[in-house]
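These protein sequence lines map, in sequence, to chains F and D. Heads up, my numbering is the position in the first sequence plus 40, with the first residue counted as 1. Heads up, my numbering is the position in the second sequence plus 78, with the first residue counted as 1.
Calculated from the structure, these hints are not laboratory results. Treat the numbers as computed from the prediction; the structure is a model and nothing was measured. Take the hints with a grain of salt, since some may be wrong.
The calculated EDC-like cross-link candidates involving lysine to aspartate or glutamate, where the alpha carbons are at most 20 Å apart (straight line), are [said to hold, decoys possible]: (1) F:Lys246 - F:Asp112; (2) F:Lys480 - D:Glu337; (3) F:Lys76 - D:Asp140.
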Amino acid sequence: MAMQDGDECNAELEASNGQSTNQWVTSWMDRKCCVKLSVQPSRGLVDEKFIILVRKVFPGFQLTIQALHTCDHGHSWEAFSHYTANATGTVNVSEDPSLGGTYSGVEPMGLLWSLRPVPGSKPGLRMKKINVQTPMVVKISVYQGHQTEGLVDQVPLAGVVVERWYMAPGVVRIPITEERLSATLFLPSGPGPFPGILDLWGGAGKLVEYRSALLASHGFAAMTLAYLSPKVVRETGKMVDDTYFEKAYGVLERHPQILSSRIAMLGFSIGASVTLRMAVYSQVIKLRCAVCISGIHVQPIDRPVVQVLSYFNDDAKTQVTKENHVISRNWVLPITKDPSLKVDVGRLQCPLLLVVGEDDQNMAAQESALDMKEMMERAGNSHLLTVLLYPNTGHLIEPPFTPFVRFSNFRSVKLPQMGMALLGGEVVAHSRAQEDAWRKTLNFLKESLYGGTDSLSRL
Amino acid sequence: MSSPVMMSVMRCFRFTRVRLWSVYSTAQNRQVFAHSCLRRLSTMSHTVPPVLSVVPSRALVDEKFRVLVENLPPGAPVTLHSLHQSEDKDYWEAYGHYISDERGAVSVADDLSFGGTYKGKEAMGLLWSMRPVPGSRDGLRLRKSDVCTPLLVNISVYSGHVTEGFREQSPLALAITERWYMAPGVQRIVIKEEGVKGTLFIPPGPGPFPGILDMWGGSGGLMEYRSSLLASHGYISFALEYFSPGELKSADTEFEYFEKAFNIIQKHPQVIPDRVGAFGLSLGSVFTIMLAAESNVIKLQCGVCVSGNHLYPRELTLRGVFLVLASKSHKIRHDENNYEIWRDMGLAIVNNPTKGKVDVGKINCPLMLLNGGDDQNWPTVEAAEDMAQMLRAVGKEHLLTRVTYPDAGHLIEPPYSPHFRATKFIKDITKEKVILLWGGQTKPHADAQEDAWNKILSFLQQHLYSNTTPKARM
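Can you make the complete structure from the sequences, with help from the hints?
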């Protein structure tokens, strides 16, 4: 009987269920010739988009695309989605809707941000890249049919490997130990000089490098600083005070490849609290601009900034969900009227960008942002303030396409034993917020740090 | 003077020649860089430099990039410069002269280069127009041996229209881009089986995949980069080592060696047995054609021949081939630089009826021939015409696809490779080191390389990836 080549291939595909082994092997092998899977680019920065294409399947063919990743901690993460090929036998993840899986709808990057720990993993895991000099490796595979489990036991139709890098080629990583600091500096490639950013992570403690590496990949000399349990604290048994951050600023200011008049601070969570304090009160630190993500201005001004939250720890105000997740946002509510307990942002002299998730269950970032706005309006410097407020977005606002985590286990200054903190947010809205906030943060930093009256382009 | 001003005066830096070039190698090794050693000369130490970006910063060698400079003054003359240090430690460079637009930007993909090693709108000119820096040795060729690491290229922007002395000046900005011959997940496996030597590259994924026997040219040794690139496009590719110049025994390689190599591919559990083709460059093409025409043991699904020909009798070993060449060596000419031109040797055989040629009429698979019209090494275009006639005589001309690129030379490499018009070569029998003229003019040759690769990939896709005919399962 006369058949078209295309029909042939598809007849095998449709008939393959319940066939004898020999026939299955033959049709399996022919099926392989058909399916082409590509991800462009195969090597990209973590904030770059990719295009996933599946081609040469039968029109209307149902398939599942899966992403698999083993993080630096050794845990397995998985995402998957269901597609139906169009009339030309193609699926384009950037244009076609997912019909189900760990995300749905048209989501070009859904296979990354909807990654979650495989079933059976420990609860409360968070994906963090420890070694930023190696890429995040993701295996993308395509399977026949709309499947939700057991993929690991099957042979995919096709598979590719994708690398996601935090460091662009030529970015240099320099551990900093001078002045007894615990920090890492990332320099962009080239002679410079470059604007500088002092990058402060949050309550999770140890030195987190990936955001600074990514900022350097965008042309900023970025130094990430550990301040909650760095070596000096371990050695002396004392918490750091303001001079620790001023010393870090000094390292940037004196660096031959950094423009001393163009230094910013970017802080997340407790790091944001530190940023606000330094921006307003430090006589040494002169910031060109500041970015605060998921932070609050409420803090005892006359105490070391690292005690900012333990000061407000109030069991009576702690809520616990039925899953035993701790909500600590209420500790600082209602926002105090006592000026000694909050940073006087009315005295701020540089542009400030606040990135806030409306569903932040860890800190009252939204109420704090509103209060800061009022203070600045009264003081007449509110033109310096930009607030990005994202609905259904939680506390942990990470670089784009980082898998969403709604709660996480950590021990911090406020939770003496390991517990689970509720961070808030809903996966789709939160992922969109991460993408949008990063783009706007980069633009804000570029404008403030690369633009201005003394830049070359304005001559 | 106030303290900050003092500090800015003291912050005058000089980029010494050593520092500029060691930044490159340090970044290459990703090591801790002692910033206290680095000093830079700038007359405007408070001024923000322009921003140079290459997107994508990491790519396969056959992918395009966009080079963009921003934050320049409007209407500023600048030079875009590329620099690469080869594995042999030679430096290669290219450059183009641009003028920034009213927003202070230069986009290499969209703007015109007004001069340099390339002119006009050339998105990839900074790669394909590269040549050895002034003062380099003669006859250099750029080929990557280690395909597991990327080729690193420094892209820099300099103030003004610079034509020389790039080493002595400090660029305004610099970006490093990685060019890879291997996609992530491609496996590299060294093969030493039944006396056959080579390297196998396997794409990521379960397979099975079509296979390709990849044979290099007469300069011998083992070059893996084309095979790793083919694997990055979904083919299991076997880079075959069949000849090492100076190694007496390898010249006795017989035809059976190639058949054995082909079998090794076919037997591989991830290879689709009836989807194995061959790809040859120059001398490698000769064996591709021989396998297609003369083998009773293997069946090629298709063949790609770049700068190839059919001008060798089947029964000769390589040594015999070289002896034939030696017998015709009186036909070698020399150009004004004393580079050797071999094409007349081949013409003598082309013009000779039948003797010393592969019986091309016995070929039964599709064959693609890609040649340069300015090939000074071998009369590949004439040979291709001769092959077409032989196939026409037996009604098989439809199997042949011929592509000829006027003004391209013999060494048609992957896209954006520099053009090698004449390079060093060791003649096996005499061990003499000469410089062979390969031919070609740089811009047409670069265009040919880009177009040839697209055509080759389409051809392989069509013959190795499309469905088999129905008869296999009736």
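Original post:
Going straight from one Cα to the other, do Lys76 of chain F and Asp140 of chain D come out at no more than 20 Å?
Top reply: holds, 19 Å
**OP:** Quickly compare the C-alpha distance for Lys480 of chain F and Glu337 of chain D to 20 Å and report which way the hint goes.
**Re:** violated, 60 Å
Original post:
Are Lys246 of chain F and Asp112 of chain F close enough, with their CA atoms no more than 20 Å apart?
Top reply: Cα-Cα ~15 Å, so holds.
Violated hint: 2 only; the structure is consistent with all others.
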